[in-house]
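*Asks:* Listed below, chain by chain, are the residues.
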Amino acid sequence: MISPSVSTGQLRAVVVLRLRLLVNSLRSVRHRLNLVSRALGALLVLGAGVGGGFALAMVAWEITKSGKLEWLAIIFWALFFFWQLFPIMASAFNENLDASGLLRFPLSYGTYFLVRLLYGALDIATALGLSWSLGILIGIISADVRLSLWAALSIALFTMFNVLLGRAIFVWIEHWLSTRRSREIMGVVFFLVVIGFQLVGPLLGRYGDHTSRLRVHVPAILLWVQQKLPPGLTSAALAGASQQRYAGAALSLMLVGAFSAAAFWLLHLRLRDQYRGENVSEGEKRRTRIATSAVNRGWGLPGIRGPLAAIYEKEIRYFSRSGPLLFTLIMPLVVVLVVWGGRRGILTHQAGFALPVGAAYCLLLLTNIVYNSFGADGGGIQFFLTSPVSFRKVAGAKNLAQLTVLTLDIFILWVGIRVVYQPPGFAVIALTFAWYLFAVPLNLAVGNLLSVYSPKRIDYATFGRQRPAESTIILSLLVQMGSIGVGALCIFISRLYSNLWIATLTLLGLAVPALAGYFILLSRLDRIVMQRREVLATELCKA
Amino acid sequence: MDAIVTTGLTRRFGDFTAVEEVNLSVAPGQFYGFLGPNGAGKSTTIKMLTGLLAPTAGSMQILGLDLSTHLVEVKRQIGVVPEGMALFGRLTGSEFLNFAGRMYGLDRDTAAHRTAELLDFMELSAQPKTLVTDYSHGMQKKLAMAAAVIHGPKVLFLDEPFEGVDAVASGTLKAMLQRMIARGVTIFLTSHVLEIVERLCSHVGIINKGRLVAQGSLDELRSGVTAGSAIAHEGKMTLEEFFLQTVGGPRNATQELSWLG
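Chains A and R are the protein sequences, given in the same order.
Letter by letter, the first sequence follows residues 598 to 1140 of this note's numbering.
Letter by letter, the second sequence follows residues 3 to 263 of this note's numbering.
Derived by calculation from the structure, the hints in this document are not laboratory data.
Some chain A residues near chain R, calculated using beta-carbon distances under 10 Å: (1) 919; (2) 973; (3) 974; (4) 975; (5) 982; (6) 1127; (7) 1130.
When the alpha-carbon atoms are kept at most 27 Å apart in a straight line, the in silico DSSO-like pairs for lysine-lysine are as follows: (8) R:176 / R:238; (9) R:211 / A:1139; (10) A:825 / A:665; (11) R:211 / R:238; (12) A:990 / R:156; (13) R:156 / R:176; (14) A:1139 / R:131; (15) A:990 / A:1139; (16) A:662 / A:825.
Computed from a predicted model, the values in this text were never measured in an experiment.
Virtual Cβ for every residue (Gly too), placed ideally from N, Cα, C.
All chains, full assembly: derive it from the sequences and hints.
*Replies:* The structure is reproduced here in structure tokens:
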């Protein structure tokens, strides 16, 4: 039986629970540091909310003053896309309580629905969406006070639609991602969509001349479609009200209401099933086929033996089963194509520097892996801690596997550059290699240290929520910006003297202390791990 | 020379003392059950004995080697199934066992051979391509146990090995443990299930509120006279009776929760 009644006492208990979780998380220094990072993030959000709200208020004021309120559709569409896509693209920002766990308590359906709706909506997208909507409202009312009621009603309905649709999308995605296999499939689909979007611009730039017929028809179709959807309908309602065509305006608003009801219904369908005790099994269907016990021997690698080879093999197997890693392998190529952008591309006249720029990007892509190298091991960290293998070897083998991925990345990048531009010259290759000799040991050394000091459990099977700890992010960004900055400065100086080899030699000189630092740190890693083993085991064994 | 010896083993977390002045001694070949109520300090003790946690004070010796100075040598000779099972979820069962064998220094052929044997013995070979993360809880326990014994350890540490394991899997694990005991391996097992300890173990230690309150053979415990404990009782007790008398029986719940009806 589903009861729609709402218990305020239970809602209050959920709010208190969330506050307690936050307060309790401040018991360790690491979490306090993370809170500082989050506070900085919140300041940015506040700035974006106020700044964006002000900008949108100005735009809305200008449009309303000009009397062409249909143009408001542009900002409504921008707002709509941000509201719906940002939470999906940046799911890492949300580490919300799993509210479905509350079902063990005697919650009425109404309370459960409200908790999922309101609690889940407390995210960056909603905060910014609300601020910006308020900005638009203020802009419209300032320009034409007679539209106050219509503007308030339209924007309230539009906001409600966005909140409901956003939550509906989120719970449906959550449902589809509830098993590992579907998470992986969705990850790949998401990845292909992202790449697809990025390639649209360059391909249009490249083949723009052949699409003249499409250029005529597509905008007309899009215009017609957008008028039938909530952002277009909201602007139509406001335009109708400003021209005193109240029946049309009311009809548009009713349609926005109908879309909101549809989003509500979608959300209700999912939450109702959850409330009724839907059980999504994580395990696969057990196969009944009889298998042999034949076991492949582990990898034998030239120059790498015993535990080192075993860890290297384990790491490569982990990488090969990782959706996000596929991302790092293909992205350099995508970026080459995107930056190239046909004849109007950014790098067309600076093609010589495509390799070092791409190489720096490849290193950036490996941030999550290098700076949180034990994150994917989860409970397996206890195996490392109880095994007779030193952490010097464990970290060394992991770094070796990371270098393999980086090398593969660079190779793909090199092929891409060779095909799109021209083969990079020897001086550029030497420069890139010299920068790598400096930047890679530096990043690996700091990465190993942060992997031990600030570990965070991650799952290679999923795309979302795969960030290292906030403190790690800030420090890794500093190191990467520093290493890229040093490289850029060396190139700048060498170009002043019209001799690229100056940069190469300088970077080779810097590589010596970087390499020495890496090996010194590696030799001391066991001692550091012994001091930090409790944190490692506790953080990585968390469910 | 005892297989496991601790002297004054203590572990504090801030103001809280989880393990206090624990003096254990486990002879080679003993099946030692380490009992205690929830939060008594069982897991903390086993974590210290296996190098997962540093003690605040005291010393530990495994097979005559001091843990503070010979940690790696000790690790080579022990097998561990910790609380979290220490598995790598994104490997298949055979990949994980192969990896574990090589981490303990086995050559590739031996690791592959023992992996195949263990998978068959544990009845885990039916799903060779299934990732460990997709195993059931019981299968994961069996796999963790297999990884802990692949190198033929002389001392085996098991933290709640039968928790969440069904009767069939439990039978497989018990058979393997008894076979190891017959071959002279020392097993140190923590559990809060008294029946399992009574059926499997020859010796028992009981920890309560961080202190070792009793230690001895099962017969000694049942007769009520053990190191650190002397309980007056006519005839022989069951382990449960001894345990409840040692750590304190349940409080009268109905007096405190009269509203339960």
